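Sequence lines, in order, name chains X and V. Counted from 1, the first sequence has number 51 at position 51 by this note's numbering; the numbering is strictly sequential. Position in the second sequence (first residue = 1) + 1000 = this note's numbering.
Since the hints were made in silico from the structure, they are not lab data. Since this is a predicted model, take the numbers as computed values, not measurements. You may find that some hints are simply not true.
As the list claims (entries may be wrong) - Covered stretches of chain V, as calculated for chain X (at least 3 residues, CB under 8 Å):
1. 1094 to 1101
2. 1105 to 1115
3. 1139 to 1151
Where is the CB? At the ideal position from N, CA and C, for every residue including glycine.
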Amino acid sequence: MIIKFFIKPRKGVLDPQGRAVAESLKSLGFESTNKVFVGRYVEVHIEETDRDKAREMAVDMAKKALVNDLIEDYEFEIVEG
Amino acid sequence: MRFGVAVYPGSNCDYDTYYVIRDILKKEVEFVDYRQTDLSKYDCIVVPGGFSFGDYLRPGAIASHTPLTWALRNFAEKGKFVVGICNGFQILTEAHLLPGALLPNNHGKFVCKHQFLRVENNQTVFTRKFSPGQVVIMPIAHHDGNYFVDEETLKEMEENGQIILRYCDMEGNVSYKANPNGSVSNIAGVCNKGKNVFGLMPHPERACEPILGSFDGLLFLQSILREA
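Given only the sequences and the hints, what does the whole structure look like? Please build it.
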């Protein structure tokens, strides 16, 4: 199975990278650009067939290593693979 | 008093720190590998600056899950001294040995310059050689030095005297203009509740000899010695 983590700066936390990209998009003519958040994508391949166990593992991985919940929010999805 | 200087893959201020302790402070010091777990012979571990594990994931994140950092938790619980400088500060926050987190600088650029700092609490083992509110100058060099902590924790830290250093101007004014990275409340250095773990973004080890333009950094290390 594959766990796909989408990590982005937590709401209210300054994201200078996102801000710079937003300005850049606007200067390219994408004037309707409102906000940009630049985050991280992490893909973890695991030897697990039980979806619930994989889900549990994903939350644990996020908590222990992949995400700093003081400054980041995350979502994940689990796909076969 | 015996010092250890932590060495992770990607640490790059380890030799500077080692040199200052051995040649200027004239104290016993050893490098401590990131796989080492026995810290019984040390009284103080300095976690130096650099880019441990290439800053992968988040600065300090991977280093916070190494055998040495796990051992540092027990070491700190025993009341021994831990100092984290720059990337070392990032490692200690990721390891939850210090509150808060270090975000990318608000202007998105690496900042490298001499910076004025105000000593906010001189009643700690790390700052006893300073006078209250003393303004010092030390180099800063970082991309992720924007200290962040939620309001509630900040209030608690202020009440406990955990704010050790703030960015300021030459006269000691803590202002937005004097803030080099967007840190909450101009914070440059903090300690834990037990006041035996200290982290700071500026580099005291680069400010220990007159030839380097400042020797204010030496006062931190001399403060620790006085305590021992």
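**Report entry** Given coverage of the stretch 1105 to 1115 of chain V by chain X, tested with a Cβ cutoff of 8 Å and a minimum of 3 residues
**Finding:** Three-residue rule met by the stretch 1105 to 1115 of chain V, so holds; n is 4.
Requested in this report: Test coverage of the stretch 1139 to 1151 of chain V by chain X using CB-CB distances below 8 Å; three residues minimum.
Outcome: holds (count 4)
Query raised in the report: For the stretch 1094 to 1101 of chain V, do three or more residues have a beta carbon lying closer than 8 Å to a beta carbon of chain X?
Result: It holds: at least three residues are needed, and the stretch 1094 to 1101 of chain V offers 3 whose Cβ sits within less than 8 Å of chain X.
The structure shown violates none of the earlier numbered hints.
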